[in-house]
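*Asks:* Given the structure of chain Y, go ahead and fit chain H onto it with the hints provided.
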Amino acid sequence: MMQVEAYVIMDDSIRAIALKYLLNEYFGVKAVVASRLESELIADKSASIIYVVSPDVVVFNHDFFVTKRQRTIVVAATPNDDSMAITPDMDEEAIVNVLNRAIESLCNEENKTQQASLTQREIDVLRLIALGHINKEIADMLSISFNTVLTHRKNISAKLGIKSASGLGFYAIMNGYISEEDIRSLKTE
Amino acid sequence: MALVNIHSKLCDVLNASPEIIPLLNRLGISLGTGDKDVENICQEHNIDADFLLAIINTFINDEYFPESVLKKFCASTIVSYLRQTYAFYEHYQLANIERHFSALISRSGENNNLGLMKRFFDELKQDIVERIAADSREWFPCIEAIERGERVLHRCAPNEETSIHDKINDLKNMFIIHLSGSYDQNLCYAVITAIITLEKDIRQNDRIRNRILLPLYKSMA
Numbered sequence: 001m002m003q004v005e006a007y008v009i010m011d012d013s014i015r016a017i018a019l020k021y022l023l024n025e026y027f028g029v030k031a032v033v034a035s036r037l038e039s040e041l042i043a044d045k046s047a048s049i050i051y052v053v054s055p056d057v058v059v060f061n062h063d064f065f066v067t068k069r070q071r072t073i074v075v076a077a078t079p080n081d082d083s084m085a086i087t088p089d090m091d092e093e094a095i096v097n098v099l100n101r102a103i104e105s106l107c108n109e110e111n112k113t114q115q116a117s118l119t120q121r122e123i124d125v126l127r128l129i130a131l132g133h134i135n136k137e138i139a140d141m142l143s144i145s146f147n148t149v150l151t152h153r154k155n156i157s158a159k160l161g162i163k164s165a166s167g168l169g170f171y172a173i174m175n176g177y178i179s180e181e182d183i184r185s186l187k188t189e
Numbered sequence: 001m002a003l004v005n006i007h008s009k010l011c012d013v014l015n016a017s018p019e020i021i022p023l024l025n026r027l028g029i030s031l032g033t034g035d036k037d038v039e040n041i042c043q044e045h046n047i048d049a050d051f052l053l054a055i056i057n058t059f060i061n062d063e064y065f066p067e068s069v070l071k072k073f074c075a076s077t078i079v080s081y082l083r084q085t086y087a088f089y090e091h092y093q094l095a096n097i098e099r100h101f102s103a104l105i106s107r108s109g110e111n112n113n114l115g116l117m118k119r120f121f122d123e124l125k126q127d128i129v130e131r132i133a134a135d136s137r138e139w140f141p142c143i144e145a146i147e148r149g150e151r152v153l154h155r156c157a158p159n160e161e162t163s164i165h166d167k168i169n170d171l172k173n174m175f176i177i178h179l180s181g182s183y184d185q186n187l188c189y190a191v192i193t194a195i196i197t198l199e200k201d202i203r204q205n206d207r208i209r210n211r212i213l214l215p216l217y218k219s220m221a
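Order-wise, the sequence lines are chains Y and H.
Our numbering puts the first residue of the first sequence at 1, with every later residue one more than the last.
Our numbering puts the first residue of the second sequence at 1, with every later residue one more than the last.
Zero decoy hints are in this set.
No more than 27 angstroms apart at the CA atoms, straight line, and that leaves these computed lysine-lysine pairs for DSS-like: (1) Lys-9(H) / Lys-200(H); (2) Lys-30(Y) / Lys-163(Y); (3) Lys-218(H) / Lys-72(H); (4) Lys-72(H) / Lys-9(H); (5) Lys-118(H) / Lys-159(Y); (6) Lys-30(Y) / Lys-71(H); (7) Lys-136(Y) / Lys-163(Y); (8) Lys-125(H) / Lys-154(Y); (9) Lys-163(Y) / Lys-118(H); (10) Lys-200(H) / Lys-163(Y); (11) Lys-172(H) / Lys-30(Y); (12) Lys-172(H) / Lys-154(Y); (13) Lys-200(H) / Lys-125(H); (14) Lys-200(H) / Lys-30(Y); (15) Lys-172(H) / Lys-163(Y); (16) Lys-200(H) / Lys-154(Y); (17) Lys-172(H) / Lys-159(Y); (18) Lys-9(H) / Lys-36(H); (19) Lys-159(Y) / Lys-125(H); (20) Lys-118(H) / Lys-154(Y); (21) Lys-154(Y) / Lys-68(Y); (22) Lys-163(Y) / Lys-125(H); (23) Lys-159(Y) / Lys-200(H).
Across the chosen pairs, the derived CB separations fall in these ranges: (24) Tyr-26(Y) / His-91(H): 39 to 45 angstroms; (25) Ser-185(Y) / Gly-28(H): 51 to 57 angstroms; (26) Arg-121(Y) / Cys-156(H): 39 to 45 angstroms; (27) Gly-28(H) / Ile-134(Y): 44 to 50 angstroms; (28) Met-141(Y) / His-91(H): 43 to 49 angstroms; (29) Cys-74(H) / Ser-39(Y): 35 to 41 angstroms; (30) Tyr-26(Y) / Tyr-92(H): 32 to 38 angstroms; (31) Asn-25(H) / Ala-94(Y): 42 to 48 angstroms.
These aren't lab readings, by the way, just hints derived from the structure by calculation.
From the three backbone atoms N, C-alpha and C, an ideal C-beta is built for every residue, glycine too.
Next comes chain Y alone, as it looks inside the complex (with noise of 0.2 angstroms):
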């Protein structure tokens, strides 16, 4: 299960406040109020993350949002068409739908591209990992960047649910990735 975000961004803290705590009651989902977009939220790629905004910070930010449509909803002022949108007519279960909608799409695509079980390069990562070498090691060892390794620990550890060093050395001997000799021998070495 992938850990999803929430921004509420708006004015109206009293409505922030609202949809923040339907979001952590109904969806478990940690949302964070804020009033207007803030530089971080725009260096933040995470594709984890949901925007509950007012319709003018949409206009403002306008090509920041342009490619996240799918995990935007704009709270209006006014009743329209539009199926990501929350207004003022609409009662807590329609609400809810709305948020459900955008958090189910956010979670069917990232299970489209997660799958359970370590690729070959991922097991060959972890096993160096549970010899004790730390990323920069790993990077020359297996000749790919720095940054590669980092992807593939991140996706080890959403896979495996673990993320310590001494973690996946044990998951790693529990599996038969490695053997208590190889760690043995290089600690004797």
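*Replies:* Okay, now just chain H, sitting in the frame of chain Y:
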């Protein structure tokens, strides 16, 4: 979850959120609360009611973190709370996981994975014990000395890394996602519950340690 206030009856709070029982225990409050409210209990145990409320509410509500309220307490109040918390981790919670874990291994036959997972737990335990030792022997005395107005020549730098959180989560996932072979289900549930309790405890108390005590310490003249 509704915020607890000074007139909340402790029995109602405990019925709704039994996970704070260990937290009250280590402050010296035992079960059998009768119909006393938070104010009565605090008077009886000589505890600052505002502090207890801040701690309980922080603990019950993941989203609630009254930074400005917590920053009003003096550093030594927070230090003494964290000392009690650490003693509880060491003597009860870690020991509890260990006991259940050993029983689980001995009752699960030839499950090789459990032995390895126990070794991972031992490593995690070592990390926690080391951080507790560093805080209690160096950092806390340093804070208390500064608060007493003593001149402290060597300011120690507390450990700020969060690898402990990652490792607890990893251990939990080794059970939930990766456990294989046969095992005793009841004992396994006992181990997981104990790990989850410790995880929550450490997460909440680290918020207090890292977001309240640490900035307070750094701002101390």
